[in-house]
Amino acid sequence: MGNSASFEILGPLRVANSGQPLKSAGPRQRALLAALLVRARQSVSQAGLIDALWGENPPVSAVANVHTYVSRLRRDLTEIGLPGRLTTDSAGYRLHVEPGELDSEIFEATTARAREALAAGDADKAVRLWQDAWQLWRGTLLEDVPRAGWLEADAVRLDEMAAAAREDSADARLAAGQYGALITELGVQVRQFPLREGLWWRLMRAQHEAGRRAEALETYRAVREVLVDALGVDPCDQIQDLHQEILRGGHRAERPGSGGLTPVRPVQLPPEVDNFTGRTAELAQLHEVLTHRTKSTLAAITGKAGVGKTSLAVRAAHEAGDQFGGGQLYVRLGGTSPSPRDPATVLAELLIALGVHPHAVPEDLEARAALYRSQLAARQVLIVLDDARSMAQIRPLLPGSDSSAVLVTSRVQLVGAQTVHLDVLGAEDAVKLLGEIAGQDRMTAEPDAAAAVARYCGNLPLALRIAASRLARRGHWSVSRLAERLAGEGNRLNELRIDDLEARASLAWSYEALDDVQRRAFRLLGLLDVPDFPGWVVAALLDIDVLDAEEIVDSLADVHLLEVWQGRYRFHDLLRVFARERANEIDDDRTAALHRAFTAWLDLAAQAEAGLPSRFLKVRLDPAPSGLDASRLLADPLVWLESERDALVGVVEQALKLGMTGLACDLACALTTLFDLRSHYDLWRHTHELALAAATDERHQAILHQGLGALAFYRDRYREASEHFGRAQEIFAGTDEHRGHAYARLGLGSVHLFHGRQDEAAVQLSRARETFSAGEDESGEAFALQALGIVHRNQGDQAEAARCLGQALEIFRRLGSRYGQACALFSLGLHHKARGDLAQTERALLDAVELFRAASCPRDEALALHVLAATYAEQGDASKASEMMSRSLTVFSPEDESVGKAATLYSLGWVAHRNQRFDEAAACFEQALQLFRRLDMPVHVNRTVNALRQLGLSVPDRRS
Numbered sequence: 012m013g014n015s016a017s018f019e020i021l022g023p024l025r026v027a028n029s030g031q032p033l034k035s036a037g038p039r040q041r042a043l044l045a046a047l048l049v050r051a052r053q054s055v056s057q058a059g060l061i062d063a064l065w066g067e068n069p070p071v072s073a074v075a076n077v078h079t080y081v082s083r084l085r086r087d088l089t090e091i092g093l094p095g096r097l098t099t100d101s102a103g104y105r106l107h108v109e110p111g112e113l114d115s116e117i118f119e120a121t122t123a124r125a126r127e128a129l130a131a132g133d134a135d136k137a138v139r140l141w142q143d144a145w146q147l148w149r150g151t152l153l154e155d156v157p158r159a160g161w162l163e164a165d166a167v168r169l170d171e172m173a174a175a176a177r178e179d180s181a182d183a184r185l186a187a188g189q190y191g192a193l194i195t196e197l198g199v200q201v202r203q204f205p206l207r208e209g210l211w212w213r214l215m216r217a218q219h220e221a222g223r224r225a226e227a228l229e230t231y232r233a234v235r236e237v238l239v240d241a242l243g244v245d246p247c248d249q250i251q252d253l254h255q256e257i258l259r260g261g262h263r264a265e266r267p268g269s270g271g272l273t274p275v276r277p278v279q280l281p282p283e284v285d286n287f288t289g290r291t292a293e294l295a296q297l298h299e300v301l302t303h304r305t306k307s308t309l310a311a312i313t314g315k316a317g318v319g320k321t322s323l324a325v326r327a328a329h330e331a332g333d334q335f336g337g338g339q340l341y342v343r344l345g346g347t348s349p350s351p352r353d354p355a356t357v358l359a360e361l362l363i364a365l366g367v368h369p370h371a372v373p374e375d376l377e378a379r380a381a382l383y384r385s386q387l388a389a390r391q392v393l394i395v396l397d398d399a400r401s402m403a404q405i406r407p408l409l410p411g412s413d414s415s416a417v418l419v420t421s422r423v424q425l426v427g428a429q430t431v432h433l434d435v436l437g438a439e440d441a442v443k444l445l446g447e448i449a450g451q452d453r454m455t456a457e458p459d460a461a462a463a464v465a466r467y468c469g470n471l472p473l474a475l476r477i478a479a480s481r482l483a484r485r486g487h488w489s490v491s492r493l494a495e496r497l498a499g500e501g502n503r504l505n506e507l508r509i510d511d512l513e514a515r516a517s518l519a520w521s522y523e524a525l526d527d528v529q530r531r532a533f534r535l536l537g538l539l540d541v542p543d544f545p546g547w548v549v550a551a552l553l554d555i556d557v558l559d560a561e562e563i564v565d566s567l568a569d570v571h572l573l574e575v576w577q578g579r580y581r582f583h584d585l586l587r588v589f590a591r592e593r594a595n596e597i598d599d600d601r602t603a604a605l606h607r608a609f610t611a612w613l614d615l616a617a618q619a620e621a622g623l624p625s626r627f628l629k630v631r632l633d634p635a636p637s638g639l640d641a642s643r644l645l646a647d648p649l650v651w652l653e654s655e656r657d658a659l660v661g662v663v664e665q666a667l668k669l670g671m672t673g674l675a676c677d678l679a680c681a682l683t684t685l686f687d688l689r690s691h692y693d694l695w696r697h698t699h700e701l702a703l704a705a706a707t708d709e710r711h712q713a714i715l716h717q718g719l720g721a722l723a724f725y726r727d728r729y730r731e732a733s734e735h736f737g738r739a740q741e742i743f744a745g746t747d748e749h750r751g752h753a754y755a756r757l758g759l760g761s762v763h764l765f766h767g768r769q770d771e772a773a774v775q776l777s778r779a780r781e782t783f784s785a786g787e788d789e790s791g792e793a794f795a796l797q798a799l800g801i802v803h804r805n806q807g808d809q810a811e812a813a814r815c816l817g818q819a820l821e822i823f824r825r826l827g828s829r830y831g832q833a834c835a836l837f838s839l840g841l842h843h844k845a846r847g848d849l850a851q852t853e854r855a856l857l858d859a860v861e862l863f864r865a866a867s868c869p870r871d872e873a874l875a876l877h878v879l880a881a882t883y884a885e886q887g888d889a890s891k892a893s894e895m896m897s898r899s900l901t902v903f904s905p906e907d908e909s910v911g912k913a914a915t916l917y918s919l920g921w922v923a924h925r926n927q928r929f930d931e932a933a934a935c936f937e938q939a940l941q942l943f944r945r946l947d948m949p950v951h952v953n954r955t956v957n958a959l960r961q962l963g964l965s966v967p968d969r970r971s
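Residues in the sequence shown are numbered from 12 upward in steps of one, following my numbering.
For the record, the hints were derived by calculation from the structure and aren't laboratory data.
There may be inaccurate statements among the hints.
As the list claims (entries may be wrong) - Restricting the straight-line Cα-Cα distance to at most 27 Å, the calculated cross-link-like pairs of lysine-lysine (DSS-like) are:
id, residue 1, residue 2
1, 443, 315
2, 34, 443
3, 629, 668
What the hints assert, rightly or not - Quick list of the computed label-pair ranges, beta carbon to beta carbon:
id, residue 1, residue 2, range
4, 251, 22, 47 to 57 Å
5, 403, 847, 58 to 68 Å
6, 251, 602, 50 to 60 Å
7, 34, 606, 36 to 46 Å
8, 151, 242, 46 to 56 Å
9, 956, 633, 27 to 37 Å
10, 199, 963, 23 to 33 Å
11, 375, 498, 27 to 37 Å
12, 455, 199, 42 to 52 Å
13, 561, 174, 17 to 27 Å
What you are looking at is a predicted structure, and each value in this text was computed from that prediction instead of being measured.
Idealized CB from N, CA, C, for every residue including glycine.
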C-alpha cells in the first residue's frame, strides 16, 4: 500500500490518492465510508453498517443496499489507485488505513505532543503544535454525512474529544501569554458551546490576564445567565472563585522574566499553501533580511499577478516566526482591488490587535501611526502587508524601531525596501508543482506532455495549480490530452484582454470545463467588489436555493477557481479580472443579479440589527424580503454582522457606483448598530459620508445626518453633532417622518444638555417627548423623559427631575430594555447624589452597573463605577472607592481623550485625595479639567473647578 493517500473526516468527508479525489457519491454511500473510517482498521459487521446508515428504521432493502454501496466504494477506491483497501472477512468489512493517512488520527497524535510540550514547560512549542493540529479541521466533523445509530454516538464522542482539546489548546495560549488571539477565539467558541464551563473560565482568565477586567466581569455575567436559563444552576466553583479574584483586583499571572503584565501577542498569519514548490533561493534571502534586522527592516516581494507572492510571503513569515516573540500581524491591503484599504483604517485594526482599546484609538492618521510605533517600540513583531498599492499606502504602517520587521507583497517596486523580485517558476519546478497536485507518476510517465502543460500555463503557479487540479480530478485523462486541449484554447483566446496573464489557455480551459451553472456563478461572483463573500450569495445572484448555491461555490473552490478564506470565499485578483471580463461579454442581466445580491445582504443586515441593543434611536428600515432562510444564516446576528462587515461596506461602495443610491443609503443606515457595538467608527463615518454625498431624497439625507450626529456625539465632538442633528431636524421638518424629526430633536437636545444650555435642551426634549407620546413610541418617550430629568436636576428642580426619571424607569422596565433601565438608574443616582441621599445614590448606581454589564456596555458601566468611586471617596470610604475604580480602570487607556477618560480622572482625583495623595489628586483634577475644557463641557468644567477649590487646590487657567 502506498502512503500518498489521505482520508479526511474533520470537516466534509474527503478521500484522495496522489491528488486524485474519490468520485462523488450519494449520502448513504458517504455514510458507509464514514462509518468505516471512524472505525478504521476494525471490522464492521453488516448489521453495524445498517445501524450506522439508518438507525432503528432501516428499509426492507437495507442488506442489498449495503452490498451495493460496498461494491461501489471498492470500485471507486480502485479507480484512484487504492485497490485492496476495502476487504471482507468473517466479522464484516474493514477499511485499511496506513499511519499518517487519517486526519483524525493525525490530530490525536499532534495534540498528544502538544500536551507533552506544555507539561514540559515549553508553552511556545505547545502553541505551534496546537496550530498544526487545528489546521486539520476544515469545518464540523463529517458535516456532509447523514448519521444514525452508533455512527452518531461515535461522532458525539469525537466532538467531545475536540471540545476537550479546545480547552487544552487554550491552556497553552494562556501559558504563552497570547491573550489577545485567545480572547478572540474563545469569544466565538463560547457561542458555539455555551454550556462548556471550561471555555468560559479560560475566556475570563485570558481577559483578566490581558488587563481587560470589565470584559471579564461581563463574561461572568453572560455565563451565569446562560447556565441559569438553560440548567437552573450557577457557574461552577472555579468560575465563581475567578470572579471574586477579578472583583478584588487580584494579582494577574506574569510570565517568567516579563517584569509585569504581558502585552497582547497577536498570531494572525494564515496557514501555508499546500504543495509549496521551489523558491529556495528567495526563501533564504528573505530569512536573512528578516532575522538580521536593521532600524527599518522592510522586505518586499514584487512580481506580476499569479506568480505566488502571497504564498512565498506566508511561507517566509512562518519560517522566521520564532524570531519574533511579540507575535505576527497580517493584513490584506487590497492594492489591486477597486478599493484599496485606507491606512488609517488598517492602523485602527492593528492597534486593536496589539491590545489598544477601540475607544483609545486616536482620530487622525498621524496620531494613530505614532501610537502604533509606540506600541511596537518594545516588542518584536513581524508585520506582513499583503498586496500593497504603493509606498504611500504602507508608510504609516512601518514601525520606528529595529525590534520589528515588515514583509510586503506588491506588484510595484517599493522604494527603500530590500526587494525579492519573483518571476514564474523554472521549467523543472513548474512540472514538479503539477506532479505534487496531479501525481508525480503521471508526470514521469509523460515528461514531454508535462513540460508542454507547464509551458502553456506560462509556468505561472496560479495557472499551474488550476490545471493540475483539473487533471487530478480526471484520473482517466492522460497528460497529453490536457496539453492538446490547452494548445487549442491558447490559439482561440489570444484576444482576451487580461493584464499580466500569460496563461490564458489554462484559465480558459478550466472555465470551459465547468457546467453552465458553475460558469455563470463564477462570472457573476467576479462582479462583486468585496474582499470575500459567503456561499449563500450565489443563491441571490442566480436566484436559486441556498444549499445548491453552497454546493456550487464549493465546487469552484475544489478546482482552485475560488480560494477558501476563514470559512468564506475570495478570488485571486487575476481570476476576478478573468471572471469579470467574461461576465461583461456574456451576462446582459449582470446589474439585475448584483441588485438581487445587494438586496439580500441588506435584508439580512436589517434583520440582524433589529434584535440588537442600540444606544441611539433611529428610523428603522423595512427592506424588501430576500427569501433567504434567515433563521439559519442569522443564528447569532452580531457574529453574522461582524463576519460580513467588510463585504457590507464594499456593497455600499459598489451600489453607489452603480447608481443604486437608495439601497446603499439603507445599508449604510442598517450598519450603524454594528459599528456602535463594535466601535468601528472609521467605517461608520466612511459609509455615511459616501451615502450622504450621493443621497438625493430628503428622507435618506435626514437619516444619514442623524447617524453622523450620533457618531460625533459618541466621539465627544459636540459641535459637529449639533450641526448634523440640526440639519436632520430641518430636513425631517419638511417631511411626514415625524418620528425621525423627534429623534433629531432628542439628539440636538442631548448636545445642548452636555453644553450646559439647559433652556434650549428643555425645548428640544419636550417637543421630542410630545411627538413620541402622540406616536405611541414608548422607547423614544422614555429617553426624552430621562434627558428632561437631567435638565431639571441641573436647573435645581429636584421634584420634577425625580418625576421624569421615575417615569422613564417605569417605561423602560415595562419594555424590558436593560440599557434604558441602566441609563435611567444612572441619572437617578446622580439625582440622589445632588440631593445628598448617598444610600439611594449607591443603590441606584449599583443597579445601573449590573444592567450596563448585562447590556454589554462597558464604557457606560465604567462611568457608573467612577461616580460610585467618587461618592465613596467623598464619604471618606477610600477602600470602597478603590474597589470601584479597580473594576473600571481597564476601559480607558492613557491615549484616550474622551468624556469617559475625563470622568475617570475626576473620580481618581477624589480617591487619591481621600488616600492623602494630594499631589496625585491635584494632577488628576487638572487633567480632567483640561479635557472637559477641550470638549467644551461647561457643566463638568464648573464641577471640577468647584472640587479643586473645595479641596484647597489651585485652579489652572486655560493656558496651562
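Evaluation of the provided hints:
1. Between residue 443 and residue 315 the CA atoms are separated by roughly 21 Å; this keeps the pair inside 27 Å, and the hint holds.
2. Restraint check: the Cα-Cα separation between residue 34 and residue 443 comes to about 25 Å, which is no more than 27 Å; the hinted pair holds.
3. With a CA separation close to 26 Å, the supplied pair residue 629 and residue 668 stays within the 27 Å bound.
4. Range check, residue 251 to residue 22: about 37 Å between beta-carbon atoms, so the 47 to 57 Å window is missed.
5. At roughly 59 Å, the beta carbons of residue 403 and residue 847 sit within the given window of 58 to 68 Å.
6. Our hint of 50 to 60 Å for residue 251 and residue 602 holds, since their Cβ atoms are close to 58 Å apart.
7. The given range of 36 to 46 Å is respected by residue 34 and residue 606, whose C-beta atoms sit roughly 39 Å from each other.
8. About 24 Å separates the C-beta atoms of residue 151 and residue 242, a value inconsistent with the hinted range of 46 to 56 Å.
9. Remark: the range hint 27 to 37 Å for residue 956 to residue 633 is contradicted by a beta-carbon distance near 49 Å.
10. Separated by about 53 Å at the C-beta atoms, residue 199 and residue 963 break the suggested range of 23 to 33 Å.
11. A beta carbon spacing of about 57 Å between residue 375 and residue 498 contradicts the range 27 to 37 Å that was offered as a hint.
12. At roughly 45 Å, the beta carbons of residue 455 and residue 199 sit within the given window of 42 to 52 Å.
13. Between residue 561 and residue 174 the beta carbon distance is about 26 Å. The supplied range of 17 to 27 Å therefore holds.
When each numbered hint is compared with the structure, violations occur for hints 4, 8, 9, 10 and 11.
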